[in-house]
Every structure is written in structure tokens, then in C-alpha cells.
Amino acid sequence: MLFQGTFQSAITFNGSSHPLIPPVLGLHIPDGFLSLPVSLFGWVVAVVFIAISLKKVESVYGDRTVSLMGVCAAFIFAAQMINFPIPGGTSGHLLGGTLAGALLGPWAASLVMSAVFIVQAVLFQDGGITVLGPNIFVMGLIGTFGGYYLYRAIRFAIGRDRWTGAAIGLAIAAWVSVEAAAVIVAIMLAISGTVPSGVALIAMAGWHALIGIGEALITVAAVSYVWRTRPDLLFDPPRKRQDRLSRDQYT
Amino acid sequence: MSNRSSQMQYGKFFLIGLGVALIIAAVVSPFASSNPDGLERVAEDLGFIDRAHPEPLAQKLPFAAVFDGYALKGAPAVVATPVAGIVGALAAFGVAWVAGKLLIRKPGPSSDTRVDEYETRD
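If you're matching them up, the sequences are chains A and B in order. By our numbering, the letter at position 66 of the first sequence is numbered 59, and the numbering carries on one by one without gaps. By our numbering, the letter at position 102 of the second sequence is numbered 382, and the numbering carries on one by one without gaps.
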């Protein structure tokens, strides 16, 4: 009842930015929201997965990936600046983990997302430096690993070489990754004693269900461009065999 | 290259990607919504926004003298955000590129069998 009311009243209430803190974007957690143990947990997760990613990038990728990593980081940084309005006086922006994962695979994508969050925290005071680890975990790794493998499973189940399958997989994975990130932030805030868990869960999941739709639309649009122009650059490129290709050409 | 006539050349793809990123960072960014975002909004509504540290570590770095959030300090509004966007996008490009360059030693595309399937198609 109380929880329901919180999100309901949140929709009709037109809030204004708080003057005390610099404008933060998206899910970026500022310094001070998380307790030390919760923050440390986020750091451990981030460090473990980044270490795995460093190893994997060394062994799996070829040097063409280097420039793709750069472009992907620049694009996701730029896209994260664009807060789109959502109904009810709130805004959201792309996280991009699922997008990066589909383009580069989970390991290179995790390094790209980490690069973006490091630049945001260090240069632009967006997201606290003491909670950089938790931010990388929540906004990056959930998408690059969770989002990527969900997209891959759905796409391969429908048909690996069909755009429809890829689009459905991307849309669902992008939305789920944002919602999962919001829920995990709510849980972290609750364990930190910042806010009661029930209220935080409803409010965070409610808003991010809407923000996730934006994430899904942008992710599908961006990957569809690569699918049409250079599908071979995708981490899981569609297989265009000779027979299929020639048949496509004449139909 | 001839057997890839239907595909965009890699250099062109790369430049378009970087160009789109810089255009978004420089031209679109001033039009971004200034409504509070998801977490900020929840923090305001549920009354824990003042838990944010009043003097976060990032404010003590030398960069804080140059950028106030995503805005160049002391610059008029029309250039402050675009400059921050371009600097940030190039910095993100640089960090990710250097990480890749230091780690990746193998020539060519990813040495994954999945790519090989594609490469041998034509």
C-alpha cells in the first residue's frame, strides 16, 4: 500500500533538481549513498570481472578490435550524455552494456564500459570515485555479461542468422539489464541503510521500467546499423554462407 | 575488397562511428533533458538525496577546476556542454583504445572460429 503509493505519487509529482549536488546522470551512484561493506562488495565484483576480461581480451581478440573498442567507448560516452525525458518529470539515458556486448563480446565490452565510467567519474564528477567499482558492476557488467548472454540465448533460439531474432534478443536483454541494474541498486541502497528496501525497490524498478524502453530502442537501432553495414564486425556475426547469400540475392 | 563490394569499408565505418559519437556529444548534448534521472528522482522523493557526499573525491581533482559536471567552467552555456562532450568522448575513446592496444597482440580480426566461418564465406 505504502510502496504502491510512493511510485504513484512519484509519477504526478514534478520534482526539481537538488541544488546541493552536481547533476548526476542515470543510475550513477554518488559518493555517500552506499555503506563501506556494500561498496567493497561492488568493487570486488568489478575487479574480478575486469581481471577476467583483461585475460580474455588478450587471448580472444585481434588488433582490429582495438579501434572498435575506442569508437564504442566514444559512442557510449556521448549517448550517456543524452538524457531523454520520460513521463512524470524524470529522465533516463542509455547505459549501453548490452549494446557494447553485442558489438564486442562481453570481455572487450566490459573494458569499454569501465573506460566510460572512469572518464565520467574522474573528469566530470559523474558517479562517485569511491563507488566507481559498484557503478562499473551495476551499469556496465550487468549489461556486458548478463545482457549479452541473454541476447545471445534469445537470438540463437530464434535463429542466429535472422535480424528478427537479434532484434528481439537485444530489446529484451537491454530492458532486463536496466531493470536488473535498478533492482540491484535498490538492494544496495537498502543494505546500506540509506532507504527502506521495499520503497526503494518499487520506486527504482518503476522508473527504470520506463527508462529501459529507451535503452531497448537505442540498442536495437545502433546494432541494426552495424547489421546492415558491416555484420562481420558483430561479435556473433550472422553466417552468410554461399548458398544462402546467392539465394538472398535473387529473391 | 572486391568481394566485399556490398559492404562498407572498415575505415569508413570507423569514421562514421566516431563522427556520430562526436556529433551526439557536441550537438545533441545541450538538448538533453534536465529532469532528474531515475536514481536522482528516487533519492529526492524518498528523501535520501542529501546522503550524497558534500565534498566528493572527484571535486578535489584538478579536472574539477576545468569541468563543473558536463560543462566547461567559465564558458558560455552554448559551448560549455559541447566542449565537455567532445573532450569526454575523445577521452573515453583514448582510454579504451590504449587498453585494447596494450592487451591485443594478434593481427587481424578476432581469432574466434565464429569469425572464421564468416571470413571464408566468399
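A few of these clues could be false.
[Unchecked claim] Listed below are several chain B residues computed to face chain A (Cβ distance under 8 Å; list not exhaustive): (1) Q287; (2) S313; (3) P336.
What the hints contain is simulated information worked out from the structure, not anything from laboratory work. Think of the CB as a built atom: it goes at the ideal place given N, C-alpha and C, for glycine as much as any other residue.
Violations among the numbered hints: none
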